[in-house]
Amino acid sequence: MRSGVIYKYKCGGCQASYVGKTQRSLHQRIMEHSGRSFRTGSLLSKPSNSAIRTHAQEADHPMREGNFDILFSPRLGGDLLIAEALAQRWENPNLGNNDGVNLLIT
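When you read off a place in the sequence shown, starting at 1, and then add 310, the result is the number in the numbering used here.
These are calculated hints, taken from the structure and not from any lab test. Just so you know, even glycine gets a beta-carbon here, dropped at the ideal spot from N, CA and C. Treat the hints with care, as some may be off.
As the list claims (entries may be wrong) - Label-pair ranges, simulated between beta-carbon atoms: (1) Gln333 / Glu401: 15 to 21 Å; (2) Glu401 / Ser355: 28 to 34 Å; (3) His371 / Gln338: 28 to 34 Å; (4) Ser352 / Asn402: 30 to 36 Å; (5) Arg399 / Ser347: 19 to 25 Å; (6) Arg346 / Gly323: 29 to 35 Å.
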């Protein structure tokens, strides 16, 4: 039920991975990726786009809550963008567009 985290999804059927951030609880974000209501567990009629769900459906690799891990939780909410960009750089996920903020180190 932690919120304000950087998380990683690792497919259980292949090496596909995804790194993202959420200010909501991780459980709620996982339900959004699965196309279900976090309150009822029912399928949503118009779920938001999700690279994880698309991969799971196209590859026939079931998405499970156990495939998600919290990488870290920044202390300040504004640090989520920077933390996500760093995590994407370190983890090099192959799902999603990984369009976090570009970091310029001088």
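A quick look at each hint next to the structure:
no.	hint	verdict
1	Gln333 / Glu401: 15 to 21 Å	20 Å, holds
2	Glu401 / Ser355: 28 to 34 Å	33 Å, holds
3	His371 / Gln338: 28 to 34 Å	22 Å, violated
4	Ser352 / Asn402: 30 to 36 Å	35 Å, holds
5	Arg399 / Ser347: 19 to 25 Å	33 Å, violated
6	Arg346 / Gly323: 29 to 35 Å	20 Å, violated
Violated hints for the displayed structure, listed by number in ascending order: 3, 5 and 6.
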